[in-house]
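Colleague: Residue strings, one per chain:
Protein chains: 2
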Amino acid sequence: MKLGILGNGQLARMIALAGYPLNVHCVFLDPTSDGCASTLGESIVAPYDDPKGLSQLAQIADYITFEFENVPGQTLEYLSQQMPVHPPAKALLITQDRLGEKQMFNNKGIETAPFAQIDNLTDLQKAIDNIGMPGILKTRRLGYDGKGQAIIRQPSELKDAWQSIGAVPATYEGFVAYNREVSIIAVRAQNGEVRFYPLVENIHRNGILSVSTAQINDPAQQQAEEIAHKVLDSFSDYVGILVIEFFQVGDKLLVNEFAPRVHNSGHWTIEGAATSQFENHLRAVTGMPLGDTNAICPSAMINIIGKVPNTHEILKVPGAHLHLYDKEARAKRKIGHITVCANNAEALSTRIGRINSILH
Amino acid sequence: MKLGILGNGQLARMIALAGYPLNVHCVFLDPTSDGCASTLGESIVAPYDDPKGLSQLAQIADYITFEFENVPGQTLEYLSQQMPVHPPAKALLITQDRLGEKQMFNNKGIETAPFAQIDNLTDLQKAIDNIGMPGILKTRRLGYDGKGQAIIRQPSELKDAWQSIGAVPATYEGFVAYNREVSIIAVRAQNGEVRFYPLVENIHRNGILSVSTAQINDPAQQQAEEIAHKVLDSFSDYVGILVIEFFQVGDKLLVNEFAPRVHNSGHWTIEGAATSQFENHLRAVTGMPLGDTNAICPSAMINIIGKVPNTHEILKVPGAHLHLYDKEARAKRKIGHITVCANNAEALSTRIGRINSILH
Chain A
76 MKLGILGNGQ LARMIALAGY PLNVHCVFLD PTSDGCASTL GESIVAPYDD PKGLSQLAQI
136 ADYITFEFEN VPGQTLEYLS QQMPVHPPAK ALLITQDRLG EKQMFNNKGI ETAPFAQIDN
196 LTDLQKAIDN IGMPGILKTR RLGYDGKGQA IIRQPSELKD AWQSIGAVPA TYEGFVAYNR
256 EVSIIAVRAQ NGEVRFYPLV ENIHRNGILS VSTAQINDPA QQQAEEIAHK VLDSFSDYVG
316 ILVIEFFQVG DKLLVNEFAP RVHNSGHWTI EGAATSQFEN HLRAVTGMPL GDTNAICPSA
376 MINIIGKVPN THEILKVPGA HLHLYDKEAR AKRKIGHITV CANNAEALST RIGRINSILH
Chain B
76 MKLGILGNGQ LARMIALAGY PLNVHCVFLD PTSDGCASTL GESIVAPYDD PKGLSQLAQI
136 ADYITFEFEN VPGQTLEYLS QQMPVHPPAK ALLITQDRLG EKQMFNNKGI ETAPFAQIDN
196 LTDLQKAIDN IGMPGILKTR RLGYDGKGQA IIRQPSELKD AWQSIGAVPA TYEGFVAYNR
256 EVSIIAVRAQ NGEVRFYPLV ENIHRNGILS VSTAQINDPA QQQAEEIAHK VLDSFSDYVG
316 ILVIEFFQVG DKLLVNEFAP RVHNSGHWTI EGAATSQFEN HLRAVTGMPL GDTNAICPSA
376 MINIIGKVPN THEILKVPGA HLHLYDKEAR AKRKIGHITV CANNAEALST RIGRINSILH
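Protein chains in written order, with the numbering used here: chain A, 76 to 435; chain B, 76 to 435.
Next up, chain A with everything else stripped away, as it sits in the complex:
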């Protein structure tokens, strides 16, 4: 069986690795030839909107998926006319516009932080008057890992913030005083079955995910699952992994955003859960039954950002599993991650501390 993947980065790489034992062969379409997935399957080197490349992909692949949100929506719509594409193009299209995404949540009765549509400086001034400061100005399109964002703490920063994001259509979102950031990883099969992984608590540094810790039996699990069901139900034909990020304020979860793909906050599932998010994504999009999503031990994921650490020291930490992506080191770039497992939360915390002291 052949699975076409739009993109050839680390998410495609980990999907492809999960594919080998299931005899699922991956074919990557990407404008670059040297993405870190590209040694793990066939490559079609072409822009995402190149009709010739897409037609070649459609001929080779039995199913199509994608590893990131910035694939042109038209690309997925074009492929969807010819073959099964999972998750559906319309889920991708919604995530490509922060404003539409937040409006969709509110329309379904799902709470978010306060936000406003920003098309010019006047809108921004009004939004600040209504929502207050601090807040964050975000481009509606093409942002990730803190890019295309500017924090506004006082009125004097307004103009600079607007210029720094390129004076393009944006949203302004009020800061919420949250206790923590969490995410839920759901997977839906072609037969409609939905399974959830344990909630994950996420810690960001400089706008980039740093540590994700699985929260076994978390009190907010049910609330997160109910919200995920609402989102999944809004796409009746959703198939594959879906991840929703939340701010928790008191006991309440406010949705930040969702991702229609495997997600950095789910990398711990490779060793920490019975079936990894990558294998379950593959199983779902190729029509196989879902695997068990239970955690098998307390575990966490720590991103390796910017430079390769002393891997020898990392591997000496009991329960540590290294995942390098074979990417050139560069500031703020995710070049790998470490999963760390332990028998209990206290031992896990000690091991995370030890890894952090090696990394930083």
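Accuracy of the hints is not assured; some may be wrong.
Heads up, the list lumps identical chains together, so a pair's fine if it works in one copy or across two of them.
[Claimed, not checked] Restricting the straight-line Cα-Cα distance to at most 27 Å, the calculated cross-link-like pairs of lysine-lysine (DSSO-like) are:
#, residue 1, residue 2
1, K77, K391
2, K402, K77
3, K327, K391
4, K127, K183
5, K77, K382
6, K183, K201
Hint data in this document are derived by calculation from the structure and do not stem from the laboratory.
Chain A is fixed; fit chain B onto it per the hints.
Modeller: Just chain B now, with coordinates in the frame of chain A:
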């Protein structure tokens, strides 16, 4: 880092898959170009004793290992003069001669089933008089998965047995009335550290391994580890996975044979142990620290032999993990395996039963 592997079958494939997250790139040397590992790294297509191919491998690779015992000993000796080869050539050489292997065990005070050297029919007659019947005639060289073997139950079978193995140098081994067959998987690092996986109980069908079940806290664990230490100590520079197969008679372990490589009875470690045998073999041979060898749940491995089963039904079994090798189906050929995990031994047994009923 580049690891050269002699062979490109399923063991090389699973080593290569474990290599990706550690940025260890595999290079396979094999006379065939289409082995099931070959899509996972560079390939050198050449006979194992081809000086040109070996020299090319030596230039590319930083370390060398092998996936099976029938690599010519001279090949490893040649490569060892140029670069680190693990496990050492002398371990491989011993396993290539059943007689020498058994003599080595006895010389170290390690008990085996009774055996005799057979070079002709007269030797065989004498051996039967001394050891008794039933017993098994095995070629000294190049046997695996029950090939090159003949069972002798009565004197009339003696000549046919001798002809059936090709009238070549052999051993005759008396059957022992054993309670069970078990194996121990050890790994030794370059710094001499040794770790053991839990003992494995193995069930064969028609001379081919069928089911391996991890035995957590088995009473024979210590005895098996002591014997493994004796074997490891006889090669002062042994690095990598070493597996010893035993017959258990009463409380006593008799050694059957050893394998200086990753082993079919260790495949359960991919999901059932904290670190798989493949990752630990890689870590050892490339000089990294060893990973945790503890079992993380009751688990077992069931071989897929001869034909691809209904994979949809297999994946519906809770805790089942499918590993297909992308090999053409053929009678008696190992084309994949299934690991199955559970929370307790009873649930595991039920799941094994369910998988067996799908397979057979």
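Colleague: If a hint holds in the structure, say so; if it does not, say that too.
Modeller: Here is what the structure says about each hint:
1. For a Cα distance limit of 27 Å, the shortest separation of K77 from K391 across copies, 21 Å, qualifies, whereas the shortest one inside one copy, 38 Å, does not.
2. For the identical chains of this complex, K402 and K77 are neighbours both inside a copy (25 Å) and across copies (16 Å), given an alpha-carbon limit of 27 Å.
3. Taking identical chains as interchangeable, the C-alpha atoms of K327 and K391 are never at most 27 Å apart, the minima being 40 Å within one chain and 35 Å between chains.
4. Proximity of K127 and K183 under a CA criterion of 27 Å is satisfied in neither setting, with 39 Å inside one chain copy and 67 Å between copies.
5. For the identical chains of this complex, K77 and K382 are inter-copy neighbours only, at 21 Å across copies versus 34 Å inside a copy, given an alpha-carbon limit of 27 Å.
6. In this assembly of identical chains, K183 and K201 lie within 27 Å of each other by CA distance solely inside one copy; the values are 26 Å within and 86 Å between copies.
Checked against the numbered hints above, the structure violates hints 3, 4; every other hint is satisfied.
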